[in-house]
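A.B. asks: Join the two chains into one complex using the hints; note that each chain is given alone, in its own frame.
Protein chains in written order, with this note's numbering: chain A, 1 to 362; chain B, 1 to 586.
Not one of these hints is a red herring.
Chain B is nowhere near these chain A residues, computed Cβ spacing over 10 Å in every case:
1. 51
2. 120
3. 228
4. 240
5. 255
6. 299
Computed, partial: chain B to chain A, Cβ under 8 Å:
7. 412
8. 497
9. 507
10. 511
11. 514
12. 520
13. 564
Hints were generated in silico from the structure; no laboratory data involved. Where a beta carbon is used, it is the ideal one built from N, C-alpha and C, also for glycine.
One-letter residues, chain by chain:
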Amino acid sequence: MKTDLNKLLGEASHYKDESTRRTELLQKAYALTQSMKDLELQLEVGSDLIKAAQWSGNTLISISIFPQLLSLLDKHPEYSDDHSLLWKYKWVIMDLPDFPNITKTQIFDAVKDMEKRYLKEGHSKKVIYEYKSRVYLELGMLEEAKGFYKRATKIQTTNNMSDCKACRIYAKFKLYCHTELLETALKVGEPLFTKKHTCSSVPIGAYAYVLPFLMKSDNIKLAKKMFEKYIKEKEKDSDSYHEPILYCIKARQFTKALALLEEDTDRFLKPSSEDYSPLELSSDFYFALTYWYLCDCLQKENKGQIKIRFHRDFVLYKASNMYKVAELKHYFKDYTLTIAKVFDQRNENNFISSKITETFSY
Amino acid sequence: MKHTFQVDLGGMIDILGNHLYSEEKVFIRELIQNGVDAIQMRKNSENIQGHIHFEIFEDDQHPQICIEDNGQGLTEDEIHQFLAKIGSSLKRNQKKIDFERNDYIGQFGIGILSCFMVTDEIVLITQSAKGGDALEWHGKNDGTYTLKKIKQKIKTGTKVYLKAKEPSSFFEIDSLTEIVRHYGQFLPTTLSVGTKSNKINAEINPFANNTPKEKLLELGAKHFEIDFFDAVPLYNPDNSNAGVAYILPYSTGISSKKNHLIYLKNMLVVESGASILPDWAVFAYCIINTNTLKPTASRESFYEDDNLMQTKEYFGEQLKSYLKELSKHSPEKLNKLISIHHNPIKMLAIENEDFFRLMINFIEFPSTLGYITLPTFFESQKYIDFVDNVDEFRQLIPIAIAQNKHLINAGYAYCIELLEKASVCFPEWPVRSVSANDMIQIFEELSLEERNEFFDFVDLGNETLLPYNCTFQLKKFAPDDIPCLFHINDQMKILRDMQETEEDTPWKNIMDNLSKEIEPVAIAQLVLNYNNSLVQKLTRQKKAELTKTFIKILYVQSLMMGHHPITKKELNIIGESMVRLIDLKS
Numbered sequence: 001m002k003t004d005l006n007k008l009l010g011e012a013s014h015y016k017d018e019s020t021r022r023t024e025l026l027q028k029a030y031a032l033t034q035s036m037k038d039l040e041l042q043l044e045v046g047s048d049l050i051k052a053a054q055w056s057g058n059t060l061i062s063i064s065i066f067p068q069l070l071s072l073l074d075k076h077p078e079y080s081d082d083h084s085l086l087w088k089y090k091w092v093i094m095d096l097p098d099f100p101n102i103t104k105t106q107i108f109d110a111v112k113d114m115e116k117r118y119l120k121e122g123h124s125k126k127v128i129y130e131y132k133s134r135v136y137l138e139l140g141m142l143e144e145a146k147g148f149y150k151r152a153t154k155i156q157t158t159n160n161m162s163d164c165k166a167c168r169i170y171a172k173f174k175l176y177c178h179t180e181l182l183e184t185a186l187k188v189g190e191p192l193f194t195k196k197h198t199c200s201s202v203p204i205g206a207y208a209y210v211l212p213f214l215m216k217s218d219n220i221k222l223a224k225k226m227f228e229k230y231i232k233e234k235e236k237d238s239d240s241y242h243e244p245i246l247y248c249i250k251a252r253q254f255t256k257a258l259a260l261l262e263e264d265t266d267r268f269l270k271p272s273s274e275d276y277s278p279l280e281l282s283s284d285f286y287f288a289l290t291y292w293y294l295c296d297c298l299q300k301e302n303k304g305q306i307k308i309r310f311h312r313d314f315v316l317y318k319a320s321n322m323y324k325v326a327e328l329k330h331y332f333k334d335y336t337l338t339i340a341k342v343f344d345q346r347n348e349n350n351f352i353s354s355k356i357t358e359t360f361s362y
Numbered sequence: 001m002k003h004t005f006q007v008d009l010g011g012m013i014d015i016l017g018n019h020l021y022s023e024e025k026v027f028i029r030e031l032i033q034n035g036v037d038a039i040q041m042r043k044n045s046e047n048i049q050g051h052i053h054f055e056i057f058e059d060d061q062h063p064q065i066c067i068e069d070n071g072q073g074l075t076e077d078e079i080h081q082f083l084a085k086i087g088s089s090l091k092r093n094q095k096k097i098d099f100e101r102n103d104y105i106g107q108f109g110i111g112i113l114s115c116f117m118v119t120d121e122i123v124l125i126t127q128s129a130k131g132g133d134a135l136e137w138h139g140k141n142d143g144t145y146t147l148k149k150i151k152q153k154i155k156t157g158t159k160v161y162l163k164a165k166e167p168s169s170f171f172e173i174d175s176l177t178e179i180v181r182h183y184g185q186f187l188p189t190t191l192s193v194g195t196k197s198n199k200i201n202a203e204i205n206p207f208a209n210n211t212p213k214e215k216l217l218e219l220g221a222k223h224f225e226i227d228f229f230d231a232v233p234l235y236n237p238d239n240s241n242a243g244v245a246y247i248l249p250y251s252t253g254i255s256s257k258k259n260h261l262i263y264l265k266n267m268l269v270v271e272s273g274a275s276i277l278p279d280w281a282v283f284a285y286c287i288i289n290t291n292t293l294k295p296t297a298s299r300e301s302f303y304e305d306d307n308l309m310q311t312k313e314y315f316g317e318q319l320k321s322y323l324k325e326l327s328k329h330s331p332e333k334l335n336k337l338i339s340i341h342h343n344p345i346k347m348l349a350i351e352n353e354d355f356f357r358l359m360i361n362f363i364e365f366p367s368t369l370g371y372i373t374l375p376t377f378f379e380s381q382k383y384i385d386f387v388d389n390v391d392e393f394r395q396l397i398p399i400a401i402a403q404n405k406h407l408i409n410a411g412y413a414y415c416i417e418l419l420e421k422a423s424v425c426f427p428e429w430p431v432r433s434v435s436a437n438d439m440i441q442i443f444e445e446l447s448l449e450e451r452n453e454f455f456d457f458v459d460l461g462n463e464t465l466l467p468y469n470c471t472f473q474l475k476k477f478a479p480d481d482i483p484c485l486f487h488i489n490d491q492m493k494i495l496r497d498m499q500e501t502e503e504d505t506p507w508k509n510i511m512d513n514l515s516k517e518i519e520p521v522a523i524a525q526l527v528l529n530y531n532n533s534l535v536q537k538l539t540r541q542k543k544a545e546l547t548k549t550f551i552k553i554l555y556v557q558s559l560m561m562g563h564h565p566i567t568k569k570e571l572n573i574i575g576e577s578m579v580r581l582i583d584l585k586s
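Here chain B stands alone, though its shape is the one from the complex (with noise of 0.2 Å):
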């Protein structure tokens, strides 16, 4: 036996009316779209002037909206089969009939319930262009609703009236007319608040692509209240979806929030959080108009389909040609825009084969020589040598200049993936990742009469810092003021993390199975500088224990230079070490 679902009339309007919409004040989007739909409609057939006319009065002293306009207006017949039928829209149904038109912004049938978030009844008076009596429509937020026919003739349209059903600011002057002009003040059809003649339509037409730049960094301050960098006008081929995008004036990351303006059929939509441009496009907002993409229900965003990837792709062509063309035209207008948005930059360079052949000699990377391109450090080195970690190269860079040698600081984002690009696209670029270890291969040896002299030193060395894994060299390096140099590999960052496990926990056991593993592979080496005078006093003072003090205070500093996270045992080196001095002293 079939059922068929029971449908709670007044909860559904509840859903629909109050928790569909994300703001209360979308009921005006909402009726200014029905007018816009309703003038569409008249004017397949007439040629008319659309107006839609919001007024405030005052009845039994509630406030209350009058919003008119003299679209095609409602049949008795539309009223029963589109007003009071929930999901039922007359505009979808013209759709049916003409398959190629799309002239509506709404389409679902549910806009007018959104008034219910303000009003507990919704009183409509329409005449139809089709003819027939004026009818006068109550809707109530139980679900019911009453119509009669009323006798003397109004001119063909609708008007709305909502009483509040509480204090609220929609219902004043001023908020009204703001409201009104942030949806709709770059539709075609004039809108007017308060009286007929208060025209509230903007003046410059961010959809137009002949609109000069200057009004559009107007109007991107006006709409953000920010001081764009500059402004890109965005279309697709078809120009069914156009607008301009924004250059902001300062850094942001790549999970800002996203702030674009969608209109849809020039009725805005969309205030944030749509994604309409590419993920590396996040150092632009966009004020879009879009005629072809398919908004959700509730029209506060649009659907992730093939057309709205599409439309991203063309706006990303667009931002890029912009990029481009400033490359060729204004490089000066490049290089502050890339040092203001140099990470979004980086990653649409590391995506695009074309963009990173151009960008590459724009993008500038911290190195011993300053701030530098790619290009212009291969021109004077030859090579392209890099380091990965900010701390290893600030550590390496008097060590690196004093032997002559040029490192970029590669520890920042996208560079490394920057330089492995550079590598493939410029085969003739010697790019090299450089350690500390690699510089430590290159220092010179001791002679064989210092190794002899300094054999037993090295050996309480390693002695000393063998319980904590490290590694005890003697060698000659410039600059002569740099007492040591010490390097530590990611398998031992790793290793010394497993050994801070704490006991008694069923975690030791597995770290102590996984450490053995790694203990071969883990590297931490402390190479002295037999150059610097006070390593050479350190290898000719016979006091042993001095000598192991010292070099432990040495591998405790080096750790803390490299911001290495100290562990308690090397933690109490400080303390042990200033008790010895004192007693050695005494």
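For reference, chain A alone in the conformation it holds in the complex (with noise of 0.2 Å):
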């Protein structure tokens, strides 16, 4: 079994972080170590297969592992990774929201969960207020998010559990993007926005979140640069953006959009599918979204079909590649209201349904 577990871990070395591939392969190597019963490994493995997945875009998997490595740790401290697990809490706390079924309360009580924790190893609660303001940004309560992240920014101390500076202004921009005026956002945005901080998903992330709300502000001049810089730094990252793609449909640069929406074609699968994941809800709500938005432009333009390439287990699939734009956009759209009605109704308001109006009033 070491053997297996050796060559598992071996091939794995082979891809990035942001492999598919990789989590697949630790995922297996993880599993070993359970039946292993080796302790160590299987916090060091799973630890692994925690940032693999996260940055392979496979939540669900380092969520499903995240709590058994938890309980590892509190029944043996002595295996303590130097904080790399409890680093790994931040990231999979942000993931929680994504997924309409976990309620606000089991939200908080792991951002609690993850408050005891770090106040013990004596971590600064400026982290701690930093999430919380996150996590309530995610979920549209934007007075609360204002409030921690105040409240964060009265700790001056930052430690090892502390972003990188490019995360933190990352946040802070993304915040004001939604509270404060967007010039103001953009001032904050303004050192990512030239690279003088970069991180994994920085700056490439500013510049697509940024998109709709230049669309919204109209200053389309702005976004075209924006867009643009996207485009040059796409090729460095494996992650999936929304915002570039209704920039593309708003701009009625519809082939380009077409072609950003066919480099991600794995969603809206049947359940029988090999390839379907589910509960990806929040990623699949603004792909429909801009599916829909698309679709409706398409129509104003008069277009009744579109050749695009789907997945082949998608719902609608047809292997001629042509697809009626009044079939899909009516599936897109049901498909849109629908999540959005699930996630609003765990909000407890209409953050995620405000995002339809909006992209229509571009």
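C.D. replies: In structure tokens, the structure reads:
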């Protein structure tokens, strides 16, 4: 078994963290460590798996094993891994709002647990407040997000649980996009746009994130600039962003929009599909909204049919790749509205459904 | 009101001299470099044969190094301007005059300070080619210096004296010879240590494009202490960057340390870590000389600018050409190379379609037919069915062979990506993913009579495995000696992990909520083979408890064979079953 494990780990080392294949191999390796009952190894491989799963977008995998690793560390503090698992707690916490069937109470119970563990290890409350602010922002509870951000800024000291400067600015920038004047947010984001501070998803995330806000304020010139910067950075990043596609649609660059959409086709699949991944609802919502917006714009341009590549297990898949725009629009409209409703119910506000109105106002 | 920063000169010298460089021995490199540049400067107006000579002698029982060059030398003004002004370089200043000239190695004006890592005082005696008196300069590590004229006439050039501040191997002749050779052996300038006739320049020049391959391999073996698989000359179109890539005789991972030796104008500056080759070329070490790449201040790495990127691309293309040439003229050698470096070759094939089309004829995959290339597999089967998981492949080998179906094992690194690429590049190849579930679907169903007969048995099996979220079926498949086949999908693996979350933690409720969503698509199935004699016996025996016990044992055995983690509940099955069997026997 040890040989198999080493082989799997060796295979996994050939892939970068953002590769799904690395996640698959580490998942198998993790299962072996469970069978071997080698707790230290389980913690080590599990920690690598969480990182790979997070970076490759397989968040459900990282969430599913995270509590096991926490319990393992509780029982065997001697295997403490230089806060590596606690560091990853922040990532996992930020994934929870993406699952509408996790209640707000459950999310904040987990945040409380993270807080308890951080304080026990002597970490500053600053990072807790920052993450509470981020969680509230994800839930669309903007006043609370602002409140916790303010509390975080009152604490000067950062420590080794604090994010890097680029990520801290990115979080502030995102918050300001929603709660302050866009000019102020852009000023905050300047060191990201100029690449003075960079991290794995910065600046590319920032270039994408700002686009809907620029379109909303009709600043198309700057949106074009940000989009171009996004495209330049894109090849270095494996994350999917819907915002640049919205920009393309708004700019009537339909071919480019379709090409970007076709880069990420593992969505909206039949549950019987091998590639079906349940619960990816948050990003599915934004992509469904993007398709809906695209179809709406195409209809306004009198395009009745469109050729587009979907996964062969896509619910409406046609081997000819030719689809009726009206049919696609109807499907994605229903899909978007259904998911928005689920999220709004959980969040007890209309933060998610307001994105629909905003998108159609561009 | 404007203020200016105060600079603590002693502290500054300490930072530059003791902290900028990663190794103490680089002071020798810096001294060679200054000598080479001084000679180059003199050569601009005179036809001379450059020579740098190192000597060691003892003064008051303190060993000293003397390095002498027959370069341009320095005038008094130049000493004040460049030698005593940190960050100011004579060579950079020269370049301002003649922007196109780029013959010098150094340009930052800080190299001499590296000597303070081994000495407290630098003594420099110089005679400028421009004329004037010879000069003697004493520079101390506290930032002060003195300068005086020397009456007697000395030869044009510069001598630098360093007295060891503490015992050090750098001040021993053997070590010094090795270090001088290490940094400067490929320089066109003559280097000597001890006596002027003891020249240490290398006989083989790896940067000349006509050096025979055996000589290059000999040089590589000497430098890296590795008997390389092969040597590949590298150069960019204007030959400004040239050298040789050595193919390793063993495999390395993508994150392995990059051992490249990079020379700047024939002087060794970077010994490891620099990425001069593309990421996929992990199978090669190289010795490169560059005339155009821009070194950092410590000269221990290069700026990642467009020039470096372009050079990387050129070198990458040459490595690809080398592999293509092998495919045409030495296919056996290529096969051997691929057997050692299959992962980087696969990685490259995935990135580059032309290369893929070529290499796909050489890359072998494990399969039920043994190791085989995709074209050969397709030739014999007219399809390409693959399993993406090593454990599942192992489980399916006998079953697939018995059904006269053949499978590729794509559970190893880059196999799936290659198969995906194959389906795009060769649309006529039906490339299909096969899982245990697909095999289950084609197994022979029971006849209606058999179905009726074993209806209750199947119900009992489902009831037994229900607590483990596993379904139970009875089918017929070859070979007869296999009693069952087990399949579990990815969602079930996640669900099983979620169910292991401990009670009384805030995560338990979260996992329960998520589990509810996954359950409908999580699948585990145990299919018993009615052709198997053990299974036939089991279906006919009348004691329900005994049947349940055996079904549970088969279930746990399947989990273990597939290397799936066993939960506490499942682990208990073994113990409970043994007790039950003993009870039934008694």
